Amino acid sequence: MSRQTSRFDAKKVNAEFLTLTYGALVTQMLRDFENVEDVNKQLERIGYNMGMRLIEDFLARTQAPRCLEMRETADRIQQAFRIYLNVQPSISNWSPALDEFSLIFDSNPLTEFVELPQDLTNLRYSSIFSGCIRGALEMVQLEVQCWFAQDQLKGDNVTELRVKFIRRLEDAIPAGED
Amino acid sequence: MCEDIVFDCLHAEIVNYCIASNNKHVDLSTLEYIGFTTGYRLIERLTRDAPRFKDELETMKFICTDFWTLIYKKQVDNLRTNNHGTYVVQDKAFRFLTRISTGSQQLEHAPKFVAFTCGLVRGALSNLGINSTVTAEVQSIPACKFHIEVNRN
Numbered sequence: 001m002s003r004q005t006s007r008f009d010a011k012k013v014n015a016e017f018l019t020l021t022y023g024a025l026v027t028q029m030l031r032d033f034e035n036v037e038d039v040n041k042q043l044e045r046i047g048y049n050m051g052m053r054l055i056e057d058f059l060a061r062t063q064a065p066r067c068l069e070m071r072e073t074a075d076r077i078q079q080a081f082r083i084y085l086n087v088q089p090s091i092s093n094w095s096p097a098l099d100e101f102s103l104i105f106d107s108n109p110l111t112e113f114v115e116l117p118q119d120l121t122n123l124r125y126s127s128i129f130s131g132c133i134r135g136a137l138e139m140v141q142l143e144v145q146c147w148f149a150q151d152q153l154k155g156d157n158v159t160e161l162r163v164k165f166i167r168r169l170e171d172a173i174p175a176g177e178d
Numbered sequence: 001m002c003e004d005i006v007f008d009c010l011h012a013e014i015v016n017y018c019i020a021s022n023n024k025h026v027d028l029s030t031l032e033y034i035g036f037t038t039g040y041r042l043i044e045r046l047t048r049d050a051p052r053f054k055d056e057l058e059t060m061k062f063i064c065t066d067f068w069t070l071i072y073k074k075q076v077d078n079l080r081t082n083n084h085g086t087y088v089v090q091d092k093a094f095r096f097l098t099r100i101s102t103g104s105q106q107l108e109h110a111p112k113f114v115a116f117t118c119g120l121v122r123g124a125l126s127n128l129g130i131n132s133t134v135t136a137e138v139q140s141i142p143a144c145k146f147h148i149e150v151n152r153n
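In order, the protein sequences belong to chains A and B. Residue 1 is where the first sequence starts when you use the numbering used here, and the numbers rise one by one after that. Residue 1 is where the second sequence starts when you use the numbering used here, and the numbers rise one by one after that.
With the rest of the complex left out, here is chain A (with noise of 0.2 angstroms):
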């Protein structure tokens, strides 16, 4: 049995086995929704809950200190990318008030084994990384818009995610207690 283990890549197969699971949820919601701005929206969402969990894990693991500009937000996004899902966006396109920014993507893990049909160009395939993104920034105050300029899995060089810093969010009444 020795032998048969050592022929895994263990890295490689957790990244193959989050990207088929990912896509298994993705037909699934295609299947359960008519309408494929849903199945974005519901992708989001999820990226949206995730992205609040992991910011814990992510500031636990670096002990990375509060960002006082965009520059070092947009260098802690890369940082995390580079953790979680072993790859690594390059920044750029820079806003000239520096307050929007770009994450390129050469390859995207997630949609390593997809190809999207004629009917579905309206899918955000990864929409679950802007989720992820403005949800984990929300923890820490960041109130950012997050959106795709340009998606491989629609015929573009490269994955474009453009951020987008909307405020700084304060500390305020939890909802329903004024």
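None of these hints come from the bench; they were simulated from the model. Hints may be right or wrong, so weigh each one.
[Said to hold, decoys possible] One side only, chain B facing chain A, incomplete, derived with CB under 10 angstroms:
#1 Asp4
#2 Cys9
#3 Ala12
#4 Gly39
#5 Leu128
[As the list claims (entries may be wrong)] Straight-line C-alpha distance at most 30 angstroms; calculated DSS-like pairs for lysine-lysine:
#6 Lys112/B <-> Lys145/B
#7 Lys92/B <-> Lys61/B
#8 Lys73/B <-> Lys11/A
#9 Lys164/A <-> Lys73/B
#10 Lys145/B <-> Lys61/B
#11 Lys145/B <-> Lys11/A
#12 Lys12/A <-> Lys54/B
#13 Lys74/B <-> Lys11/A
#14 Lys73/B <-> Lys145/B
#15 Lys164/A <-> Lys154/A
#16 Lys112/B <-> Lys54/B
#17 Lys54/B <-> Lys92/B
#18 Lys154/A <-> Lys11/A
#19 Lys41/A <-> Lys74/B
#20 Lys54/B <-> Lys73/B
#21 Lys12/A <-> Lys92/B
#22 Lys92/B <-> Lys73/B
#23 Lys154/A <-> Lys145/B
#24 Lys41/A <-> Lys112/B
#25 Lys12/A <-> Lys112/B
#26 Lys11/A <-> Lys112/B
#27 Lys112/B <-> Lys73/B
#28 Lys74/B <-> Lys12/A
#29 Lys145/B <-> Lys12/A
[Stated by the list, open to error] A few chain B residues that don't get close to chain A, going by computed Cβ distances all over 12 angstroms:
#30 Asp77
#31 Asn78
#32 Asn82
#33 Gly85
#34 Gln90
#35 Ile100
#36 Thr102
#37 Gln106
#38 Leu107
#39 Ser126
#40 Thr135
Keep in mind that this is a model prediction, so the values were computed, not measured. For glycine and all other residues, C-beta sits at the position ideal for the given N, C-alpha and C.
Starting from the known structure of chain A, arrange chain B on it as the hints suggest.
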């Protein structure tokens, strides 16, 4: 292995999604089906370079050692069979149950966290040519027993 936490989160969210989408009564079949399709595809990647399994028992052994180690980071603790197509796989610290407190009041929630795996094992076996029914039994968290019943017809 940092990706583990990502998968744990994803799994938790999948469970959430499946429970919420049919709120009348808890229906785990969707969850099981997501597991099934995942297992079915995954085994194709895993056994790409593997030689053909001799018999059913060897296939089961593969599931319990290699497959389990890759997915659940540990081997199963016990594999039993009656040699008539019934297998019982025991895991004393099942990955998805280890983060739940061990009290008995959480026991009613346990099925949600094992349904995906039932499907995963069924899907894997199915693509290896074995039709089966997989059920799980949790008596005390985090231990879990999977009953695999091979359907012969």
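| message | Name the hints, by number, that the structure is in violation of. | response | 5, 9, 16, 19 and 23
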